[in-house]
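Participant: Protein chains in written order, with numbering that gives the first Met the number 0: chain A, 0 to 239; chain B, 0 to 612.
Keep in mind that the hints were calculated from the coordinates and are not lab data. If you're wondering where the values come from, they're calculated on a predicted model, not measured in any experiment. What you were told as hints is all true, and nothing was included just to trick you.
What follows is a list of derived Cβ distance ranges for each label pair: (1) B/436 to A/146: 51 to 57 angstroms; (2) A/100 to B/301: 31 to 37 angstroms; (3) B/429 to A/42: 30 to 36 angstroms; (4) B/333 to A/85: 21 to 27 angstroms; (5) B/467 to A/58: 48 to 54 angstroms; (6) A/56 to B/66: 38 to 44 angstroms; (7) B/320 to A/58: 48 to 54 angstroms; (8) B/444 to A/149: 30 to 36 angstroms.
For every residue, glycine included, the Cβ atom is placed at its ideal position computed from N, Cα and C.
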Amino acid sequence: MLMILRVKFTKKGYLKYISHLDLMRLFERGFRRAQIPIKYSEGFNPQPRFSIANPLALGIESEEEYMDINLHERIPIDEFIERMNRELPDDIKIRDAKYIKDKRSISSMIGWSYYSISFEAENIDRKEELKKLLKDWLKGEKIIIKKLRRKKKKIIEREQNIRPFIGNAIVEDCIVNDEASNVRVVVNCMLKAGDKGNLKPTDFINAMDKYLNLGVNYDTIDIKRLSLLIEDEGEILPPM
Amino acid sequence: MIDMDKFDKVLRKVEKPARYIGMEKNSVKKDLNKVKVKFAFAFPDIYEVGMSHLGLHILYNLINEGEDFACERVFAPWVDMEEEMIKEGIPLFSLENREPVKNFDFVGFTLQYEMSYTNIINMLHLGEIPILSKYRDENDPFVIAGGPCAYNPEPIADIIDLFVIGEGEEVILEILEAYKEFKNRKGKRKEFLKEVSKIEGVYVPEFYQVRYNEDGTIKAMEAIVEGVPKTINKRIIRDLDKAYFPERLIVPYIETVHDRIPLEIFRGCTRGCRFCQAGMIYRPVREKSIGRLLELAEELQKNTGYEDISLTSLSSCDYSELPLLISKLMDRYEDKKVGVSLPSLRLDSFSIDVLKEIQKVRKTGLTFAPEAGSQRLRDVINKGVTEEDLINAVGYAFKEGWSNIKLYFMIGLPTETEEDLLGIRDLGYKVKDIFFRLPKEKRQGNLKVTLSASCFVPKPFTPFQWVGQDSIESFNKKIDLLKKNIRDRKIVFNYHDPKLSYLEAIIARGDRRLGKAIIRAWEKGCKFDGWSEKFKYDKWIEAFNETGIDGDFFALREREIDEVLPWDFINTGVTKEYLIKEYEKAKGEELTRDCRLGCTNCGINRNFTGGVC
Numbered sequence: 000m001l002m003i004l005r006v007k008f009t010k011k012g013y014l015k016y017i018s019h020l021d022l023m024r025l026f027e028r029g030f031r032r033a034q035i036p037i038k039y040s041e042g043f044n045p046q047p048r049f050s051i052a053n054p055l056a057l058g059i060e061s062e063e064e065y066m067d068i069n070l071h072e073r074i075p076i077d078e079f080i081e082r083m084n085r086e087l088p089d090d091i092k093i094r095d096a097k098y099i100k101d102k103r104s105i106s107s108m109i110g111w112s113y114y115s116i117s118f119e120a121e122n123i124d125r126k127e128e129l130k131k132l133l134k135d136w137l138k139g140e141k142i143i144i145k146k147l148r149r150k151k152k153k154i155i156e157r158e159q160n161i162r163p164f165i166g167n168a169i170v171e172d173c174i175v176n177d178e179a180s181n182v183r184v185v186v187n188c189m190l191k192a193g194d195k196g197n198l199k200p201t202d203f204i205n206a207m208d209k210y211l212n213l214g215v216n217y218d219t220i221d222i223k224r225l226s227l228l229i230e231d232e233g234e235i236l237p238p239m
Numbered sequence: 000m001i002d003m004d005k006f007d008k009v010l011r012k013v014e015k016p017a018r019y020i021g022m023e024k025n026s027v028k029k030d031l032n033k034v035k036v037k038f039a040f041a042f043p044d045i046y047e048v049g050m051s052h053l054g055l056h057i058l059y060n061l062i063n064e065g066e067d068f069a070c071e072r073v074f075a076p077w078v079d080m081e082e083e084m085i086k087e088g089i090p091l092f093s094l095e096n097r098e099p100v101k102n103f104d105f106v107g108f109t110l111q112y113e114m115s116y117t118n119i120i121n122m123l124h125l126g127e128i129p130i131l132s133k134y135r136d137e138n139d140p141f142v143i144a145g146g147p148c149a150y151n152p153e154p155i156a157d158i159i160d161l162f163v164i165g166e167g168e169e170v171i172l173e174i175l176e177a178y179k180e181f182k183n184r185k186g187k188r189k190e191f192l193k194e195v196s197k198i199e200g201v202y203v204p205e206f207y208q209v210r211y212n213e214d215g216t217i218k219a220m221e222a223i224v225e226g227v228p229k230t231i232n233k234r235i236i237r238d239l240d241k242a243y244f245p246e247r248l249i250v251p252y253i254e255t256v257h258d259r260i261p262l263e264i265f266r267g268c269t270r271g272c273r274f275c276q277a278g279m280i281y282r283p284v285r286e287k288s289i290g291r292l293l294e295l296a297e298e299l300q301k302n303t304g305y306e307d308i309s310l311t312s313l314s315s316c317d318y319s320e321l322p323l324l325i326s327k328l329m330d331r332y333e334d335k336k337v338g339v340s341l342p343s344l345r346l347d348s349f350s351i352d353v354l355k356e357i358q359k360v361r362k363t364g365l366t367f368a369p370e371a372g373s374q375r376l377r378d379v380i381n382k383g384v385t386e387e388d389l390i391n392a393v394g395y396a397f398k399e400g401w402s403n404i405k406l407y408f409m410i411g412l413p414t415e416t417e418e419d420l421l422g423i424r425d426l427g428y429k430v431k432d433i434f435f436r437l438p439k440e441k442r443q444g445n446l447k448v449t450l451s452a453s454c455f456v457p458k459p460f461t462p463f464q465w466v467g468q469d470s471i472e473s474f475n476k477k478i479d480l481l482k483k484n485i486r487d488r489k490i491v492f493n494y495h496d497p498k499l500s501y502l503e504a505i506i507a508r509g510d511r512r513l514g515k516a517i518i519r520a521w522e523k524g525c526k527f528d529g530w531s532e533k534f535k536y537d538k539w540i541e542a543f544n545e546t547g548i549d550g551d552f553f554a555l556r557e558r559e560i561d562e563v564l565p566w567d568f569i570n571t572g573v574t575k576e577y578l579i580k581e582y583e584k585a586k587g588e589e590l591t592r593d594c595r596l597g598c599t600n601c602g603i604n605r606n607f608t609g610g611v612c
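Construct the complete structure from the given sequences, taking the supplied hints into account.
Facilitator: See below:
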């Protein structure tokens, strides 16, 4: 019988600086220390069978990541969470887990990613002002960005319309720091993620900065993923 | 603690921020205000290299076991990080508490490689600690160093306050205990140095003075302070079963060079290769028992979750009960998908059988080290392998499904001729013939033979400590000869940079006068010299010229047997008479047997173990 555990976990703090591969290794070793009965692939070089949906880029934190893991023996959910969290670092913790019957993998189901993006902007000083700018920008049907692609030795420039990949974007906060006379902006946005189209939050910021002339200070950008969502027959839902 | 806002700011800008964050599984973070002695273990290279070093893990855990002690790790920041740290004014800091290194009581460097010395200077500078020992005062940490290169400590004698010669597990605790007392009574810096100089294995360079002959050789080295030892005896751990070995190891977040459990199965080596420093200085051979090894493996596996246990030593196939050890480990861990691996292989079918057993995995490359191309030259260096061994081993490996063979050689070995050199090519072609002599249906994979040549660097405490190194020109000629003669799609020829080997040779057998040249090279921007893209040969040569150092004098000159060598005051247990005898035998192309088969009188059992090796 197929035993698949869908797991929700965090990746925060300084651990945003470990790569997807590092994270895979961390879980593999964590499973072994916690003695989780995980299934291994057959063959000469057995690999643990688990997959993390929509890998995060280096430097992005997340409140909600998902993975599916294959077990060869059923263990109680509470016990799984308890044993894993004893082995995991503070900034990577299992939040929830659930056995699933659906055969579709978590990776194939993810459609949207919800981010909180925070940065300092030179040309903005009021929340209302930014709200209006954003609203007008998203009214258009097309937002074109230029993407560079490396093909063999040539660099090819390609235009892309990212408007369909932006679900929404709202100004969450606009904090004026009187002392330093700079403004920290927090924008929450829903961006397309997964196999059927993907918009990187950094590309979104670049486009927003370029079109709205915000004067983003790129050294101050903090990005956090708040959640991953699936789209099922037009409905947007949490994965578990 | 350093300024965390600045820390956060620089992490955004560097290539691999995870090198600097610490917080790994099994790392130890103590309250530094609650311990009596703070020790910063400094590795003069980047995180990925340093974390692969077993000595770090042993000493880190050992010191942290002490309630009054804290040990934290410090690595050389990569150049991008260094630049950002300087820009923000962040001093060099430890990973655990992100504490500036200057606030520690000790900064301890491990000396694994001569070409890391500029990194030591750079780290002291970034740590805001005076580079020269004589400029440090009561507010500065003691700078201490150990490791294989400490067997010739002289080139950095002006920089290091005290050296530890030999194995560190016992002596480090003796030093820290002595410091605890000293700190309580608020003694003077010199008093402490004087006190620890009485501990066996400790060398305090400032208590000695070197006088030179007119020709630049050493006349004498003498103590200038009363009560310090004339000879420094190396320290060894007598019984490895009883010696400390950590049961928890830090598990890095990022991939390191050796990302696995290092299970040390023995120390020392009995083979007696005449070029090999490790084979001489780590004598005698001391094995851990199978019982102890299984116990350690169990704890380490449980505490790390690693997928691989590597059986480490200088020559792991020589462990007396290797097949039994491997089968026991495999029995225990196969279910958990934990593999066993061997870092080095002997050239025989026994080794390949062992490998077959453990490598049920992909048949990746096989590496052997014949070291020299002809039997004559292999006899000179006492590398006890024959061409027959190689042919049998390779033939067997091909039948078992391997197809990627790597052979390591050295060029510039004493007495080498053109014939010996071309022997390297001949071995490569023979290996190729063995593959194609197999019936077509039995050949597996695509043949690739790699012949890799490094340039011989004579090292202290070896029978070749007196010989002159080949010049760079001579190395280049030899490399050209091989390049011209190795023309085959299946055979790849690689070689090391002779310029780097020349510098290694200068420092490896250098004396105190080199210190200023190394500092000057650092001032000219040299660091990470072991990283080929960072190595600045021209700057080094400028540094030698400006400080009046003749590199050829140290690297190329053949020494007289009775010359006073800069490291003569250290006693490794292997006598000078033995080294001389071995040097003579080398010239006569005479072999010396593996001393597991009978004592060869190197002296170690008289000096250190009282009869039994």
